[in-house]
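Novice: Let chain R serve as the given structure and place chain V on it in line with the hints.
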Amino acid sequence: MRRRADSARRSDAFFLFCVYAAAAFFVVIVAALFVMLTKGSWLSLQTFGLKFLWTSEWNPVNNTFGALPLIFGTVVSSLIAIVLAGLVGILAATFLADFAPRWMARPLSFTIELLAAVPSVVYGLWGLFVLAPLIRSYIGPALQKTLGFLPLFQGPIYGVGLLTAGIILAIMILPTVTAISRDVIAAIPEDQREAGMSLGATKWETIRSVVLPAARTGIFGALILALGRAVGETIAVTMVIGNRPVISASLFAPSYTLASVIANEFTEATSDLYLSALIELGLLLFVVSFLINAMARLMMWTVFRDK
Amino acid sequence: MDFAPHAVTALMGPSGCGKTTLLRCLNRIHEILPKARVEGKVSLDGEDVYDSGISAIELRRRVGMVFQRANPFPTMSIAGNVTAGLLSDVPNSARAQIVEKALRGAALWDEVKDKLNQPGTSLSGGQQQRLCIARALAVEPEVLLMDEPTSSLDPISTASVEDLMESLAKEYTIVVVTHNMQQAARVSNYSAFMLSGEDGIGHLIEMSETRQMFTKPTDPRTEDYITGRFG
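Here the protein sequences line up with chains R and V, keeping their order. For the first sequence, the positions run 34 to 340 when the working numbering is used. For the second sequence, the positions run 433 to 663 when the working numbering is used.
The set of hints was computed from the structure by calculation and includes no laboratory data. Heads up, a few of these hints could be off.
As the list claims (entries may be wrong) - Derived lysine to any residue pairs resembling SDA-like cross-links, with alpha carbons at most 25 Å apart:
1. R/K236 with V/A468
2. R/K236 with V/G512
3. V/K467 with R/P134
4. R/K236 with V/E641
5. V/K467 with R/A220
6. V/K533 with R/E227
7. V/K467 with R/E223
8. R/K236 with V/E594
9. V/K467 with R/E238
10. R/K236 with V/T452
11. R/K236 with V/R494
12. V/K547 with R/S242
13. R/K236 with V/M508
Here chain R stands alone, though its shape is the one from the complex:
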C-alpha cells in the first residue's frame, strides 16, 4: 500500500510539473520575444530615439529610417478594413443570430469560418490578379467619378494600393468580426428581445434599439480583435499594397506597412542600423498588437462575465 501511495504521489507531482511547465512556456515565449526585439532594435532606438516614429524618410541608402509612412500605411489600410468588415460583419452576425433558420445558420457559419482558414497568401494572389485589375479598370474609375471631389479618391489608379490592401484585409478579418459578433448577439438574453417585442416594436426596431445596444461592448471588442489581426497581417498586404514608403491622401496610391517592410527587406538589410531599424518595426508591431488584443479581451470579458 505504502509503495503504491508513494509512486502515485510521484507521478502526480510529475504531471503537475508538466502542466505548469506547459503553461509557463507561453509566458517565457512572450517575454523572450520582447527581450529579443528590444535588444535587436537597441542600436536603432539609440540612434533615432522617438524621432523614429514621426519622421517620414525611409531611406536605406543613406541610413535614414523614419517609420511614419509605414505607420500611416498600417493604420489606414487597417481602418479601411475595419470599416468595411464592421459593416458587413455586424449585419451578417445579426442575420445569423436573429434571422437565419437553423438549417441555414449552420452551413453559413461554417462557410464564414472556412474563410478564416484560407492561407493569407491565397488572398494575396486573388488580390493581385483579380481585385487589383478590377479596381484599376472598374471600381477605381467609378469611385473617382462619383466621389472624385474628395482627395481620398483623386490621383492615378494603379490597382495596387491602400484601397486594395484595405479590401483584402477586410475580407480576411470578416470571419473574426462575424463569428464573435454573432456569439455576442446570441448571448443577449431572449427576455430582452421579448421585452422589446411586447412593447409593439418590430423585429428590426427591437434589434436596433435593444439587442445591438446591449451587444455593443462585445461587438466593439470583436472589431478591436479583428483590428489586431489587420495590423499584423503581412503577406497578402505585401502583395497588393504597392510597397512604397510614401504618405498620400489618395486611397489609390501605393503605400507600405510595418509588417510588409520587415517581410520585404530583412534579406537585404546590409548595415547593422538597417537591420536594427527593421527589428524596431517588429517591436512596434509587437507592442501595438499586444495592446490591441488586451483591449479586445477586456471588452469581451465585460460582456461574458455575467454568463
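Specialist: Okay, now just chain V, sitting in the frame of chain R:
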C-alpha cells in the same frame, strides 16, 4: 374563457400546465419562437387577434406584458426605459409627462424622480419590475399580461407589486399567471385553474370568481390543488 374588463384574472396551476403559454398566446408574443403554432381563437373587443387583418405589432401595443424576471433595457436610463415603447412621433415635450404618469401608475415615481437619468438596471429587483410595468403602461394598453411578475421578488417587493395590481385593475384588464395560490386569492377577482392532463396538454379545469373557487370549488381536482394535496 372570458377575461372580465377592469378586473384581475389569475391563471393558476402547477408547473408545466400551460399557464404561461396561454398568456403568451394572448398578445401573440408566442409567435416569435420558432416552431410555435396556435390553434383556436383569441378575441379582443370582439375581434379575432389572429385574424390576418390584425398586425401583431399593433396588438402588442394594446396588450402589454410584464415578464417573470424584471428585464429593463440595460443600456437605457430609467426615463429611457419608460419611453422605449413610444412611437418616434411622440414629441420630446410630451415625453416627460408620459414618464411621470407611467411611473406614478407603477407606484415608482417617488422613488426615482430624482434619478431619471440613471440606468434602469441600477434599481433594486422590485423597483426594476415596477419599472417594467411603467414601461408597459407608457404605451397605454388596454390589457396587461403579467407572467409570474413576483416570482423573483422578495416578500416586501411582492406586496408592493400586488398592491399595484389592485390599483391598476381600475383602468386595465389584467391577466396574471401565478403558481402561488395565496397570491391568486389576494389579488384576483376571477381565477382559472389549469392542469396538464395525461396527454401532456394543459387543460382548463375550472374558472370562476376567485372567492367562489377558494371556498367552494366545483371540480375535485381544483379542491385538491388549493388545499395543497398536490402541485
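Novice: All the hints need checking, so say for each whether the structure fits it.
Specialist: Verification of the supplied hints:
1. Using a Cα cut-off of 25 Å, the hinted pair R/K236 and V/A468 holds, with the two alpha carbons roughly 17 Å apart.
2. With a C-alpha separation of about 19 Å, the suggested pairing of R/K236 with V/G512 holds against the 25 Å cut-off.
3. Distance restraint check for V/K467 and R/P134: the Cα-Cα separation of roughly 11 Å lies within the 25 Å cut-off, and the hinted pair is therefore satisfied.
4. Annotation: proposed proximity of R/K236 to V/E641 is violated, straight-line Cα distance about 38 Å (limit 25 Å).
5. Note on V/K467 and R/A220: the hinted pairing holds, with a Cα-Cα distance of about 21 Å set against a maximum of 25 Å.
6. Restraint check for V/K533 and R/E227: the C-alpha separation of about 24 Å stays at or below 25 Å, so the hint holds.
7. Distance restraint check for V/K467 and R/E223: the Cα-Cα separation of roughly 16 Å lies within the 25 Å cut-off, and the hinted pair is therefore satisfied.
8. The straight-line distance between the Cα atoms of R/K236 and V/E594 is roughly 32 Å, outside the 25 Å bound, and the hint therefore fails.
9. Restraint check: the Cα-Cα separation between V/K467 and R/E238 comes to about 22 Å, which is no more than 25 Å; the hinted pair holds.
10. This hinted pair checks out: R/K236 and V/T452 have alpha carbons roughly 22 Å apart, not beyond 25 Å.
11. Pair hint R/K236 plus V/R494 holds up; C-alpha atoms about 17 Å apart against a cutoff of 25 Å.
12. With a CA separation close to 22 Å, the supplied pair V/K547 and R/S242 stays within the 25 Å bound.
13. Of the supplied pair hints, the one linking R/K236 and V/M508 holds, its CA atoms being roughly 18 Å apart against a limit of 25 Å.
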